[in-house]
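Colleague: Quick mapping for you: the protein sequence lines, in order, are chains A and B. Last residue of the first sequence: 283 in numbering that gives the first Met the number 0, with the numbers rising by one and none dropped. Last residue of the second sequence: 178 in numbering that gives the first Met the number 0, with the numbers rising by one and none dropped.
Accuracy of the hints is not assured; some may be wrong.
These stretches of chain A come out as covered by chain B in the derived footprint (C-beta under 8 Å, 3 or more residues) [claimed, not checked]:
| no. | segment |
| --- | --- |
| 1 | 43–50 |
| 2 | 77–85 |
Examples of chain B residues lying across from chain A (beta carbon under 10 Å, computed) [said to hold, decoys possible]:
| no. | residue |
| --- | --- |
| 3 | S27 |
| 4 | I140 |
| 5 | S144 |
| 6 | T148 |
| 7 | F152 |
By construction, these hints were calculated from the structure, which means they are not laboratory data. Just so you know, these numbers come straight off a predicted model, no measurement behind them. C-beta atoms are modelled at their ideal positions from N, C-alpha and C, and glycine is treated no differently.
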Amino acid sequence: MKIKRVQDEVKRFTRFQKIMISIICVFMLLGTITLVNGSNKVSGFVYNFFSLTKYSLIDHPVKTITDFSKQLAGFQDVYDENDELRAIIASQDMKNAELNALQSDVNELTELMDLTSYATYQTLYASVIASDASVWSQTITINKGSEDGIGEDMAVMTNLGLIGKVTKVYKNTSEVKLLTSENQDVSVSIKVQIDEDTYTTGILQNYNQDKNAYMVQIYDANVKLEAGMDIITSGSGGVFPSGIMVGKIENVENLYDSKGIIVTVKPSAEFNAFSYVAVAYLEE
Amino acid sequence: MIHYILMSLAFIIDFILQAMFPTTFDMSQMFFVPSVSFCVMVLTIRKLDTLDSYIFCVFFGFVYDFLYTDFIFFHAGVFAITCIVVKLWTKHVNNSVLENILICISTLFFKEAIIYCYMTVSNQTSIGINEWLTNHIFLTILVNSILVTFIVFLTYFRDDYLLQRESKIRKEEKLPWMH
């Protein structure tokens, strides 16, 4: 007996389901390509477009309103702060002159010794337009990209110190991996000032979220370190410029091994919230 | 389609909350992760049939992965597991406000626990379970349970609208065999 198939009798998927499954397949394909080859033009374009649209339509207006209400509430504080800042600005000229004199000395000596200086770096300021909502990936997105001269591995800092490095660069945006991420694939070369003329070097290995501190390995096991000493970038390796504040020594755990000492360092930068960052790059 | 529109609205609410309460990357401080979209997803998949639920979860999992975080395929998988749990549990739960709130909060905790376990096993975090419960989960559950109350009523409105629309279609329907 011939069985006739009745039209629309058994349909495995509806039209809407077919569309959705196709979109999921496209997502899977795009995800696989991104996983294998890293970020590509399509994912970069989508991310770029989404981040900027979200920032313009939602984040920026909401932030403006909340900032305005905060400013209105703290109007008297702003007035007092303004007086203090005026006094600081008045003494700024003298400090600038002193700094310029010192900088010209440094430049002269660097030229004389034919050295490449990692202490002079330029900064490019950027706004934070997105951050990972669930916190786990420890990444932020800034509104400057390859068109603005941002490149991979550039150091990113706030006014308080180093916070991370640029990991992905798109046309108008960039992704920054924070130093608070535990799976850092970059080690930061650092130095500690022992006294006026002596420095000791080491490497920032990772961030321990349980201790809320960086774990830093100091190469010289015989050096005497104390809590409160400043840790700054050394510039060796040529990835990060030197002289960027990283943190202060919190605890020397006396875990002596053949490679040196391990110390815990309290970050100088605050990681609770930042809206603006500076990207530091070495002068060519 | 209306489920997808409601879900997109929930995403926008999440974005607004995120802009109002910026993320802290200092794990020693208490913070909350706005999860309105996740709660809407849980309440929606209760109403959908199995295939539609999985499509819905995986689709928004991918959206979450691409737009929100840096982990591709991760949330798509987590949301699919969540869908299985909700589908199993939903057979034993009624549609009252309290039960809906309870199912949302429990599933939210379950999702966060899966993510925490993965992060710990893959050595991406060394944060202890006490710190995770205190700093991450406590406020997330507390704030979201307040938001969920509104979301539950919002989904009731959606369900009413869908019922009305369906009854209107049925009313206008002319079945040839009846004549």
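Colleague: Give a verdict on every hint.
Modeller: Against the structure, the hints:
no. : hint  : in the structure
1   : 43–50 : holds (count 3)
2   : 77–85 : violated (count 0)
3   : S27   : 4 Å, holds
4   : I140  : 14 Å, violated
5   : S144  : 18 Å, violated
6   : T148  : 21 Å, violated
7   : F152  : 24 Å, violated
Violated hints, listed in ascending order, are 2, 4, 5, 6 and 7; each of the other numbered hints is respected by the structure.
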